[in-house]
Amino acid sequence: MSIRATGVTKRFGDFVALDDVSVEIPTGSLTALLGPSGGGKSTLLRIIAGLEQPDSGRIEIAGEDHTTLPPQRRNVGFVFQHYAAFKHLSVRRNVAFGLEIRKRPKDEVKRRVDELLRLVHLEQFGDRLPSQLSGGQRQRMALARALAVEPKVMLLDEPFGALDAKVRKELRDWLRRLHDEVHVTTVFVTHDQEEAMDVADEIVVINNGVVEQVGPPDELYDRPANDFVMSFLGPVTRLGGKLVRPHDLEVFSEPDTGTVPATVVRLVRLGFEVKVDVVVGDEELWVQLTRGEADRLALGPGSPIHLRALGAVSRPPARAH
Amino acid sequence: MFGAGLATMWLSLLVLIPLAAVVWRAQEDGAGAFWDAVTAPEAAAAIRLTVVASFIVALVNVVFGTLIAWVLVRDDFRGKRIVEALIDLPFALPTIVAGLVLLALYGVGSPVGITLAYTRAGVVVALLFVTLPFVVRTVQPVLLEFDWEMEEAAASLGASRLTTFRRVVLPNLLPAISAGTALAFARAISEFGSTVLISGNLPFKTKVAAVHIYGQIETDNTTGAAAVATVLLVVALVVLVGLDMLQRWAARRA
Amino acid sequence: MRDGPRRSRLGLRVVALAYLAMLLVLPVGLVFWRTFEHGVGPVLDALGDPSVLHAFKVTGIVAFWTVLLNTVFGVGVAVLLVRHRFPGRRALSAFIDLPLAVSPVVVGLALILAYGKFAPIGGWLEARGIQMIFALPGMVLATVFVSLPLVVREVAPVLEEIGIEQEQAAWTLGAGKVQTFKRITLPSIRWALAYGVVLTLARALGEYGAVAVVSGRLVDKTQTVTLVVEERFQNFDQTTAYAASVALAAVAVVILVVINLLRPDERNR
Chain A
1 MSIRATGVTK RFGDFVALDD VSVEIPTGSL TALLGPSGGG KSTLLRIIAG LEQPDSGRIE
61 IAGEDHTTLP PQRRNVGFVF QHYAAFKHLS VRRNVAFGLE IRKRPKDEVK RRVDELLRLV
121 HLEQFGDRLP SQLSGGQRQR MALARALAVE PKVMLLDEPF GALDAKVRKE LRDWLRRLHD
181 EVHVTTVFVT HDQEEAMDVA DEIVVINNGV VEQVGPPDEL YDRPANDFVM SFLGPVTRLG
241 GKLVRPHDLE VFSEPDTGTV PATVVRLVRL GFEVKVDVVV GDEELWVQLT RGEADRLALG
301 PGSPIHLRAL GAVSRPPARA H
Chain B
1 MFGAGLATMW LSLLVLIPLA AVVWRAQEDG AGAFWDAVTA PEAAAAIRLT VVASFIVALV
61 NVVFGTLIAW VLVRDDFRGK RIVEALIDLP FALPTIVAGL VLLALYGVGS PVGITLAYTR
121 AGVVVALLFV TLPFVVRTVQ PVLLEFDWEM EEAAASLGAS RLTTFRRVVL PNLLPAISAG
181 TALAFARAIS EFGSTVLISG NLPFKTKVAA VHIYGQIETD NTTGAAAVAT VLLVVALVVL
241 VGLDMLQRWA ARRA
Chain C
1 MRDGPRRSRL GLRVVALAYL AMLLVLPVGL VFWRTFEHGV GPVLDALGDP SVLHAFKVTG
61 IVAFWTVLLN TVFGVGVAVL LVRHRFPGRR ALSAFIDLPL AVSPVVVGLA LILAYGKFAP
121 IGGWLEARGI QMIFALPGMV LATVFVSLPL VVREVAPVLE EIGIEQEQAA WTLGAGKVQT
181 FKRITLPSIR WALAYGVVLT LARALGEYGA VAVVSGRLVD KTQTVTLVVE ERFQNFDQTT
241 AYAASVALAA VAVVILVVIN LLRPDERNR
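Residue numbers (our numbering), protein chains in the order written: chain A, 1 to 321; chain B, 1 to 254; chain C, 1 to 269.
Keep in mind that the hints were calculated from the coordinates and are not lab data.
Wrong hints could be hidden among the right ones.
What the hints assert, rightly or not - In the SDA-like style, the derived pairs of lysine to any residue whose C-alpha atoms are separated by at most 20 angstroms in a straight line are:
| id | chain 1 | residue 1 | chain 2 | residue 2 |
| --- | --- | --- | --- | --- |
| 1 | B | Lys80 | C | Gly11 |
| 2 | A | Lys103 | C | Gly176 |
| 3 | C | Lys182 | A | Arg104 |
| 4 | A | Lys87 | C | Leu12 |
| 5 | C | Lys117 | B | Thr223 |
| 6 | B | Lys80 | C | Gly163 |
| 7 | C | Lys182 | C | Gly163 |
| 8 | C | Lys117 | B | Lys80 |
I would like the entire structure built from these sequences, with the hints used as guidance.
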């Protein structure tokens, strides 16, 4: 089911968390709300779930107005960063909760819970309490609990934020595969651009309460709408006052069309990659090369080189300082 | 908000309106009548005894409360768990029963040869009984969480055990000790049941303020009762507000 | 120093235990011993006295209503203070603690002045056939007053600690406010609530001063067990005074055991 937010504004006292935000999330997609902490992305997610009320604006799910509907009646699955496991209930009872609320027959509940526990690989842990699970297992339980009620949409608020790096990576791949299996419209909040690029097929970049750009990961990376999106989605450096990606700088030993002269300051080898610090006039920047390129150019501190931004040939040469 | 309104209404009917009625009754006949009621020789003697006895009780609690908390945290002996549980007995035991058991041991014909019945010392012992848990229970958790490395650091710097206690341990316990002491003092000021039997309620000698108020109610002098009650209320409020300020100050410092 | 020289540690221990013995153990033990000096028979006879039995009934009724009212009020106010923001919230929180600072006798006086026959509210109720003072309603009010903060102060910190996310998760799964409270909130606070209820019960069974003032001490009518203890003792019926005291003390000991099982640091283990 699709989600549409139109003109959503939310203030907390003087702080504007969301300023006239409009977003449309298509049916069946896996969308990331990406942005720095405090940028408003979690607030938007909570407003979609009905856990916060917007000051103005409208929320539609599957084409129906949900703006004033309480969370109980939205039928969304919500997964919290810190799991929000029901500590006094077993894993099984946690997953069954929504079905019990809906007074489904006992055998149906059992069947569905078994199926979900298998799906999240917790079938042997059904009778444990949440406190006897690891963080990753608890989060998978929370996912199964949210999926149990066959929600119209799944909303995940920094779902991997409380987990360590290795488990995080595993859960990411797993979420991707899970989405391919169940196909429910899924929105997750993250401040980690790598996580967003890795998992999502659509990214909404939110900063300071406004949407900066919406699009597939590649498009955002290659054609960022502004400097903020460009610097948030990947490494950047500055040539002639303009932001460029360090791997999009070409290095020549002789002058060429549109190049500017530069001097190598330092080389740092990071395995296959080489990070080259250079100066152009009084401007400091860095270039990312492969080991082979660096060796071919025989670079060392003090080497004179010539730089050109990739795809900048047709543009006028950068101004020299 | 419906819930807040309901809670406020219940609180008003139960606590605020009745207490306001006490203060209202106290000043109804004018400031002069109020002053006369609280400075009448018998009332003044009762208030003085209550304040002085509560003060002594607070001081004894500082020493013994801290000492007992210390022993419960730092010492280990058989039956410690029972002693630990016993500390709360004064909270669980009805005050009139507390007075009765003290009178059994320290009354006329005391089996241990100490007769405190109908004396001011008896009043103090009764107040010590009911206030026992306050300092122990506020100091104990602080001692449990205490960073003993501070103490070891002081020792490694050459401080003697007494100096270490005085200069390192005590300052860290001080907020908890004062909180417990303030609570004990407020309780002692308002205590009634435990003193009734052991004190004999002798005017000018062993009658505490609460018993004096009770006597005034019995003789239908509610204005006199309200005047002394207002004094007790004010003293208790000053102590508790002071405690609150102290705790805020300590929290800011921590 | 943590292990300190044995001698000074022993010294402190002896002083502390001696203080507790003289103040608590010997007096309470002596009354138990004297009560059962001549066997259980006289104790049972004394407790079988119709007036004493009636007093137990009155104490039971007052304690029941006190626990019920303070449980409802305590949980409600704790939820209100922790989960909601409204004007006057800090004032409400401060006033909840006020009863701890008020002498039981002053509580009694306050209720007489507000709900006595000659007071505006009391007179209005009296005209409608509702007697508050020198009757059970007043005694319940007095006992509720003195034990007002006990449940709130146990439940509120636990509510604060568990946070609101579990409740929000229940909402998104379709649980209404009442269902969420019953299935999620209540089970999370059950130990703290039990602790607060036990404290309230202890206070209600043992209350003397406030009840002495508002009950009018009418034998066979408004007399509670604590009032029996005092009345019989003053009238030189030591056997009954001791027997009733021991009965109350026995309840206190049971309560102590329960309190120790429910204490916060125990239940986290």
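- Taking only the CA atoms, is the gap from C/Lys182 to C/Gly163 under or equal to 20 angstroms? holds, 16 angstroms
- Compare the distance between the alpha carbons of B/Lys80 and C/Gly11 with 20 angstroms, and conclude whether the hinted pair is satisfied. Cα-Cα ~16 angstroms, so holds.
- Query: Are the Cα atoms of A/Lys87 and C/Leu12 separated by 20 angstroms or less?
  - Reply: violated, 43 angstroms
- If you draw a straight line from the CA of C/Lys117 to the CA of B/Lys80, is it 20 angstroms or shorter? Since the Cα atoms of C/Lys117 and B/Lys80 sit roughly 53 angstroms apart, the hinted pair is violated (cutoff 20 angstroms).
- Query: Is A/Lys103 within 20 angstroms of C/Gly176, Cα to Cα?
  - Reply: holds, 13 angstroms
- Pairwise hint evaluation, B/Thr223 against C/Lys117, where the allowed Cα distance is 20 angstroms at most: holds, 16 angstroms
- Item | 20 angstroms Cα cutoff - pair C/Lys182, A/Arg104 | holds, 19 angstroms
- Query: Can the restraint linking B/Lys80 and C/Gly163 be considered satisfied, given a maximum Cα separation of 20 angstroms?
  - Reply: violated, 36 angstroms
Consistency with the previously given hints fails for numbers 4, 6 and 8, ordered from lowest to highest.
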